[in-house]
Every structure is written in structure tokens, then in C-alpha cells.
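Chemist: For the record, the sequence lines run as chains V and F.
Take the first sequence: its letter number 274 is residue 274 in the numbering used here, and every next letter is one higher.
Take the second sequence: its letter number 107 is residue 1107 in the numbering used here, and every next letter is one higher.
Heads up, some of the hints might be wrong.
Below, a sample of chain V positions facing chain F; criterion: calculated Cβ distance under 8 Å [said to hold, decoys possible]:
hint	residue
1	L32
2	I35
3	P48
4	T73
5	M135
6	L138
7	A139
8	A143
9	R203
10	A261
11	L265
12	S317
13	F327
14	L334
15	I338
16	I341
Quick caveat, the hints were computed from the structure, so don't treat them as lab data.
Even for Gly, the Cβ is constructed at its ideal location relative to N, Cα and C.
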Amino acid sequence: MNRVRAFITANRSWLPWAVGGAFLAFAAILPLLAIEIPGVFPGASYTPGTLQLLALCLLFASLALSYHLLFGTVGLLSFGHALYFAVGAYGLGIILENTELELLPAVGLALAAAIVAASLIGAVSLRVTGISFAMVTLAFAQAGNVIVRRNPAITGGEEGIRLDIEHVPDFLVGVLNTRNLYWLTLVLLVIVYLAVLWFEKSRGGRVAAATRENELRVRVIGLRPIVIKLAAFVLASALAALVGMAYLLLQSGATPRATSADFTLTLLVIVVLGGVGSRWGAIVGGVVYTLLDQRLTSLAGSDAIAGLPDILRIPLSEPLFILGTLFILVVLFLPGGIAGIARSAVTGRGSLRKDRDELEEVS
Amino acid sequence: MSTVVLLLITGLGLGALYFLIASGLSLIYGLMGVLNFAHGSFLTLGAFAGFELARRLDGASWGTFFLTVILGALVGAAVAALTELLLIRRLYNRHIEQVLVTVGLALASVALFEGIWGTDPIYVSAPEWFSQTTEILGARIPNDRFILIAAAVIVLLGIVFFLRYTRFGLVIRAGVENRSMVTALGIDVRKAFTVVFAIGGAAAGLGGVLASHYFGYVSPHLGGSLLIFAFIVTVIGGLGSLAGAAIASVIVAVLQQFANFYLGGTGDLVVVLLLAGVLLVRPSGLLGRKA
């Protein structure tokens, strides 16, 4: 074990990339293999059902990464991130249905709409900080939810919007082409990852991280954190909109649930489960959450649960109850999330956060 | 004229409902810096407790109604105090984590309510008088609005009295001003935290029972949908300001009613626009202190 640790410490710089690359290569050839994991996948890994589930996992991972950019990197607790996901999904759906544009120009137009919306709303919301920011973003997202539900002629109302496939290329349509959609979501995940990485390593990203820790200091130095925050807000929203468009293609539609506050809370749960501040934690959190959600839902309908007495049956048949409780336990007892557990397993120490808390107590 | 009066009084009734939630949110935030996402669940639980009691007794009598109101407030207070003791207390001064815990609690509790009472709205029975109307200046006002307004006024006066004339109130007011100073003087602020949570929970539970009469039903999502407007109210009024919450509740609800009637059901959007406008002019809210 100690030798493993020494190896990991010595090869800190390239090891994550090697592991990440290996996972990526594995994920890329997965549709060509026949891997069965009973209880996790509904079938072998090349079947459309499994690929659909995996693609959904990857989408949630991408969306969680974009939320990580806001919450983990810049420290903005937004409760309205789902709005931009919805602008992507609904925007693309509406454009495809009402215009003669091909898929790519339509994607560009929907993306532009998301960027404009994010710039305007971000500029207003960022006038307040902290908890107020959370509430204001929530209010705007709620307004989006109301607009979607009140205009059934355009958005399909409670029924949701359906994908109009007339201008979508054939290789992205139909159950048999789920494989292509899966690869599309994988490419999207890589794009989102690289975009987030680029932002974090750029000068702006460092200013953003500094702002998260101490905004006053950053301003005293003479920098304007509001510009960086807005840039991060718009970038995260644009990425979320792209994920929303891929979601529309994958699910052949979108429902008003995508615009709801609950959906943003789901993202928050994912990022915290994965470990706040960790890029791959967000990815793992997204995958684990989606699998858990799917499995718990089918568990809830199973005979084993139906036979239990009421006091056990009712809580266990509600996936959100289990996930919510799990979330509370993670926040209380594992502040580092999955990434924190992995880190302490590798380094043999408690998580960074715990160290920081101890430092604060000492000082 | 009669339409305006009707909208105005209905707006006041809805505003009273918002205030019952927002007062607790605002007090809790002012003293502890905690944004309580689970506040809507306190309200929903109060409403369900009232419904269960009314179902067992005679739902149409006034005695039952008062009993359900008291039970709703007690249940709300008990659950809120438990939440504070078991979950929030462990995370003092870690505001983001506190928000996260209440978010988890909100998700889990709504799912639990769905499991117990189902997702469909359940209609509640009320005394005969509730479904009748009273005529004021030619407008026929549903009577439940008056109950709501009276309840909100009583709660507002009660909280103000409590804050002004009791020892705990003194500690809470001092704690809102400067918590470390109060602690340094040797006063245990933590007890005040539990008390504030219990008061907020009681107001929310009471609001839950009244909301079930206002809307005519209870559902697991009753609290969540009201909570968002309560958030807007607290931001517009100024976080931590009780008077601000009261004024903003009335403004928001009346505006919402008028926009819904005259601008074709755009009440919710107008409220969000109002929020954006207030933030552009006064980021700290109407009566909020400068951050």
C-alpha cells in the first residue's frame, strides 16, 4: 500500500491524465463491447437501453461540471442553473420546429440566445452576493418555469416539447442510432471538461478562485471581480445550454421539469456528492447520481419493497427521500464527498477541507 | 371599483400568507445567516397535521378549526426546533453547508410526504362561514381572506411584542446586531437560535393550515411553491428585516393579484421583474442594512 502511495505521489503530474485518458478510451469503445453488470445496467453495454442510460449519465456529468465551474471555482451558489439547460433544450426544440434551419445553425442560434439571457440575468443577479444571489437566481429560474408552463402553444406546456426530426441528420435519430448519440454526449463531456479546465487555468480563473476566498483583497489589489464572475456565469450557462441541446436530441424531447428549481437542486446534490471543488468529483457524482436515481426508481417498484410494512415501504419507495437523506449525511459527515474519500485514501490523510478547518480552529 | 377592492383585499390575504412564511425566514436569516430551504416543508407538514386532525374530528366546526390552527403551529415549531438541534447546530458559521442541509431536508421531506399522502391535492373541509362572502364597497370578498389577514397581524404583533419586551427578544435583537458581542458578554446565543427556529416554524405551520383553506387543498408541494415567493419577499424587503418582510409581502401579493387580473395572468413574471428592479436600485432591499 505504501509503495502505491509513493508511486502516486511521485507521478502526481501525469497520472491523472493517464487515468482519465484510459477511462475516456474505455468509454469510447464501450458500445462495441458486450459488458454486463447486473443490477447497474439494464442489459449488455451495446444495447440501446444501456447506452441511453450511459449517455444520460454523461450528460449529467457534463451539466454537473458546468455547475462546478460556478459553485466550485467561483463560489457562486446559484439556484437557477437549470434555466440555461432549459434555454438550450427548449430553444433548440422551438427553433427546429418553427424554422427551416439545419441542426448546426439552430444549435448556434439557441446558444446565442442562452448567452444573451445569461449575460442579462447574470448582470442583474451579480449585484447581490452570497445567499441573496442564490435567491435571486432562483426567482429568475422560476420565472422561466412559469413562461414554459403558461405558453403551451410554443413550449407544449405541461406535456413538454417534442423533437422535430425533420432537420436533424439521420445518424442522430432512432433507437438504433443511440450509439451515435452516446458518442456525441461523450464528445460533449470532453468539450465541457476542457472548457472548464481552460477557464480554471486562465488568469481569469485564478482571479475567480481568489475572489471566492477573499473578494475584498482582490478588489484592493485593483481587480474587478464582477467582470470575471459574470464571464464565468455566462460560460457555465453556455455549457449548460449545450448540454440541454444534447439532452433534447437524446430524449427526443424535454419536459417542464427541466426548468424547475428541483432540477437545479439535483445538480447541487450531484456536485456536493462528488466533492465540491473537484472536476472529476463532479463527473463521478453525475454518473453515480444518475445510476442511483434509475436503480432506486426501479427498486421502488419492485416486489421486495411492496412486501415490507408501511414504515419501511413508504420511505424506501421514494428515490428522492433516499437521495435527500444521503445528501444530508454527506454534508454532515463527509464534506469532501466522493473526491474527499478518494483523496484521503490516496494520501492517507483527511481531506484538504478538514485540514483547513483545523487550521482555522488553531489560528 | 368593486373589482379593485376585491383584488386589494385578496392581495392582502395572499400577502398575509407570504408574511407568515417570510417572517420566519427573515428572522432566522437575520440572526443566524441561515437560508432555510426546509421552511416550505414546515408549512406543508403543518397543513397535513391540520388536515389529519380535521378529518378525525368534525371538520366543519369552528372548534376544530382553532384546534387545527394550534396543532399546525405546534407541529411546525417542534419540527423546526428539531431541525435546528439535530442538523443546523452541527454546522454553525458554515453558511453554505447549512443551506445544503436544509436543501437535502426539503428534498427528502417532500418525497416522504408524497409517499405518505400521495401526489394529488387533498381537499380540506372548513366551517361553513369560510366559503361565504362578505360585501365591502360592493365587492364580495371570500371570508377566508379575513382570517389570513387577522392571523398575519396577530403573528406580526406577537413577534414584535416578543422581540421588544422579553429577555429572549432582547438577546435576539442584540444577536442580529452583533452576535460576537453578545457571546462575549457571556450570553448563550445558541438557545436563542433554537427559539427563533421554533417561532419561524410555528408561523409557517400556522400558515400551512391557513394556506390549505386559502387554496382549498393540501399537497406535498404546497410549501415549495409558496417558499419561492417568500424568498422574493425577503429579498425585496431586505434580508433580516421583519418590517421589510411585512411591507414587501403586501406589495408583492397585491401587485401579483392586479397583474394577474389586468395583464392577463402575468403576476408571477411581474413579481420577478419587481425583484430585478429593486435589486438594480437598492441591492440590500427596501429596509435592509447596507451590506
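Chemist: Please go over all the hints and tell whether each is borne out by the structure.
Modeler: The hints, checked one at a time:
no.: 1; hint: L32; verdict: violated, 38 Å
no.: 2; hint: I35; verdict: violated, 32 Å
no.: 3; hint: P48; verdict: violated, 30 Å
no.: 4; hint: T73; verdict: violated, 14 Å
no.: 5; hint: M135; verdict: holds, 4 Å
no.: 6; hint: L138; verdict: holds, 6 Å
no.: 7; hint: A139; verdict: holds, 5 Å
no.: 8; hint: A143; verdict: holds, 4 Å
no.: 9; hint: R203; verdict: violated, 26 Å
no.: 10; hint: A261; verdict: holds, 7 Å
no.: 11; hint: L265; verdict: holds, 6 Å
no.: 12; hint: S317; verdict: holds, 6 Å
no.: 13; hint: F327; verdict: holds, 4 Å
no.: 14; hint: L334; verdict: violated, 12 Å
no.: 15; hint: I338; verdict: violated, 15 Å
no.: 16; hint: I341; verdict: violated, 17 Å
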